[in-house]
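Participant: Spelled out from the first residue to the last, the chains are:
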Amino acid sequence: SQTIHQWPATLVQPVGSPLSLECTVEGTSNPNLYWYRQAAGRGLQLLFYSVGIGQISSEVPQNLSASRPQDRQFILSSKKLLLSDSGFYLCAWTTPRTGGLASYEQYFGPGTRLTVT
Amino acid sequence: GNSVTQMEGPVTLSEEAFLTINCTYTATGYPSLFWYVQYPGEGLQLLLKATKADDKGSNKGFEATYRKETTSFHLEKGSVQVSDSAVYFCALRNSGGYQKVTFGTGTKLQVIP
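Sequence order for the protein chains is A and B.
Number 83 in this note's numbering belongs to position 83 of the first sequence; there are no gaps in the numbering.
Number 1104 in this note's numbering belongs to position 104 of the second sequence; there are no gaps in the numbering.
Everything labelled a hint here was simulated from the structure, so no lab data went into it.
For every residue, glycine included, the Cβ atom is placed at its ideal position computed from N, Cα and C.
Over 10 angstroms on every C-beta distance to chain A, these chain B residues come out as not near it, computed from the model:
no.	residue
1	Phe1018
2	Leu1019
3	Thr1020
4	Thr1024
5	Ser1058
6	Asp1084
The calculated label-pair distances, taken between Cβ atoms and stated as ranges, are:
no.	chain 1	residue 1	chain 2	residue 2	range
7	B	Gln1045	A	Lys80	25 to 35 angstroms
8	B	Gly1041	A	Leu83	13 to 23 angstroms
9	B	Glu1069	A	Thr3	31 to 41 angstroms
10	A	Pro18	B	Glu1016	46 to 56 angstroms
11	B	Gln1110	A	Thr115	23 to 33 angstroms
12	A	Thr3	B	Gln1081	26 to 36 angstroms
13	B	Pro1010	A	Gly27	27 to 37 angstroms
14	B	Gly1009	A	Leu83	23 to 33 angstroms
15	A	Thr10	B	Pro1010	20 to 30 angstroms
16	B	Gly1078	A	Val15	40 to 50 angstroms
17	A	Ser1	B	Val1082	25 to 35 angstroms
List time: in silico DSBU-like cross-link candidates among lysine-lysine, alpha-carbon distance up to 30 angstroms:
no.	chain 1	residue 1	chain 2	residue 2
18	B	Lys1056	B	Lys1108
19	A	Lys80	B	Lys1100
20	B	Lys1060	B	Lys1108
21	A	Lys79	B	Lys1100
All chains should be built: construct the whole structure from the sequences, respecting the hints.
Facilitator: Dropping the structure here:
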């Protein structure tokens, strides 16, 4: 069965410090990977998605970047954190599109709670 | 573009009450529709899904029917429990593109004993 891991689970970082959040998926190959941010009491904002190694698409301009160094690894980074980067970061995966009418629902990791102080 | 509109929360119900959370969508083509649930401090879990018009998704006593004529996918449960307290997200995935999912803003449900 497939599982998705995120770490760390919680993180408290000062403004201006760097950030690295990691997401890994097990039990599937060539997944599409996604990073979302959920601000307190808000909905989900798609930050980045990737359809393959080294292929990153950014949804919104911001202080963050993403990388996919391996097929099942997705990293979210920042060189200098801002207060507004605080939030709950969720990684998700879905099977790559192979045609047909499959629903290709997204599966989410447990999330990382980031507090920038 | 695609969009999902959910009813504003929070919704507060007594245990065993009937639940309806409204969801309407705008999309081109024939999207798949989903309800996700998020318990406090956790990631999202898929609750149910429907892939074509008139499909009914169901799970754990929750149901939602894909209504293309009204572009709706309302979530219902006949008798809620305290353990159903969570945030519920309606979402759609269109048939093209990179399988990006469009989420609603979420509806918080609080069930009181």
